[in-house]
Structures are given as structure tokens and as C-alpha cells.
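Chemist: Here UniProt numbering is used: the first residue of the sequence shown is 1, the next is one more, and so on.
Please keep in mind that the hints were generated in silico from the structure rather than gathered at the bench. C-beta atoms are modelled at their ideal positions from N, C-alpha and C, and glycine is treated no differently. Take the hints with a grain of salt, since some may be wrong.
[As the list claims (entries may be wrong)] DSS-like mimics (lysine-lysine), calculated; alpha carbons at most 25 Å apart, straight line:
hint, residue 1, residue 2
1, LYS56, LYS8
2, LYS130, LYS9
3, LYS8, LYS91
4, LYS8, LYS84
5, LYS56, LYS11
6, LYS117, LYS16
7, LYS11, LYS91
8, LYS91, LYS56
9, LYS11, LYS84
10, LYS16, LYS134
11, LYS56, LYS9
12, LYS84, LYS9
13, LYS16, LYS56
14, LYS114, LYS134
15, LYS84, LYS56
[Unchecked claim] Pairwise CB distance ranges, derived in the manner of DEER restraints:
hint, residue 1, residue 2, range
16, ALA110, GLU55, 32 to 38 Å
17, GLU121, LYS9, 38 to 44 Å
18, ALA48, LEU127, 53 to 59 Å
19, LEU123, LYS56, 51 to 57 Å
20, SER132, ARG33, 40 to 46 Å
21, THR18, LEU127, 49 to 55 Å
22, GLU2, GLU23, 30 to 36 Å
23, ARG6, HIS92, 21 to 27 Å
24, ARG135, ARG33, 24 to 30 Å
25, ALA48, LYS16, 31 to 37 Å
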Amino acid sequence: METVQRVKKNKDTCMKMTERIYELVCAIINICRDAEAELVPAMVRSIAQFSETLEKILTFARNQLTGGLLRWMFRSMEDADLIKECNAGLKHALDVLGVQSGIIAAMTMAEMQKDAKQRHEELIAILNEKRSMKRFSPSGSGSSGSWRRKRSSKTYLRSDHSTISMLPRRAENPPWPRRGD
1 METVQRVKKN KDTCMKMTER IYELVCAIIN ICRDAEAELV PAMVRSIAQF SETLEKILTF
61 ARNQLTGGLL RWMFRSMEDA DLIKECNAGL KHALDVLGVQ SGIIAAMTMA EMQKDAKQRH
121 EELIAILNEK RSMKRFSPSG SGSSGSWRRK RSSKTYLRSD HSTISMLPRR AENPPWPRRG
181 D
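Start from the sequences, fold in the hints, and give me the full structure.
Modeler: Given below as C-alpha cells:
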């Protein structure tokens, strides 16, 4: 009965290891994708240690496929030690690579926030320009149907409407007839 419980515990632990491996592979992909230059030696060593741990897990999985049920049950104690060793390697890799991946994610988030703030300020400037044009034009509607383009964004504002169009600029020679042609 104790052996069956140990085998079941080993199976559950293996499932958790699989989830950790997935997280680590995603972290490594994230780190390598965002690395502008070569990785620092400490990071390369951590990835190499993770690779060694993966090789141990692969050996363990292959051993599970060989032999009969009786042999598999008697190896459960030895397997538990190997699983503990592999878990320790995965935990270390998750700590090291997870921190690095977190730093990259934080930097990416900061860059996205900066970009969003810049776009927000551009939009406010366009709206303020629109408001001032309405205030100072004799008819109160601004210029008649002219298109204005803000340099760094693809936001266009037609001054006789109060809506913003996120569509690209009008084509010079569209395949359809224009109004008024």
C-alpha cells in the first residue's frame, strides 16, 4: 500500500515538474527574444544547468517506459530521490530565470506605458487644437472638410466632424469613384 502511494505521489510530482518546465521554457524564450546582445555568462550557466536537469528528467521518463510493473514499483524509492533532485534543479532555474524574465516584463510594461502616455498627450493636443479652431472660426465649424494629420500617429481628424477616425489616410487613386467626382 505504501508503494502504491509513493508511485501516485511520484506521478503527481512529475505533473508539477512538467508545469514548471513549461514556465521555464517560456521564460527562456522571453529572455532570449528580448536580449539585444549576448547573454551574460551567469545566464548561460543557468540555462546549461536547466538543460542538465531536463536530461535527467528525460532519462527518468525513459526508465519509466522500460521494465514491468513490479520493477517499476520497486524503483519508486529510487525514483523519488531522482525526482527531488530534479525538482531542486527546476526550482533553482525558475528562481534565476523567473527573476530575469520578470525584469524584462517590467521593462516592456514601462515602455508600453510610456508609449501610451505619449499617444494620450498627442490625442489631447489634437482635441485642444480642434476646440480652439471651433472657438475662433467665424462659422464655429472650423475649416471646411480639411484633413489634418498628426506626425507621429495615424490618427486623422476631420475638422467639420467631432469624431476621430483611426483609418489610414485617403488613397490617392482609389478603385472606387469618390463623392463629387
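Chemist: Please write out, lowest number first, the hints stated earlier that are contradicted by the structure.
Modeler: Hints 2, 6, 10, 14, 17, 24 and 25 contradicted; others consistent.
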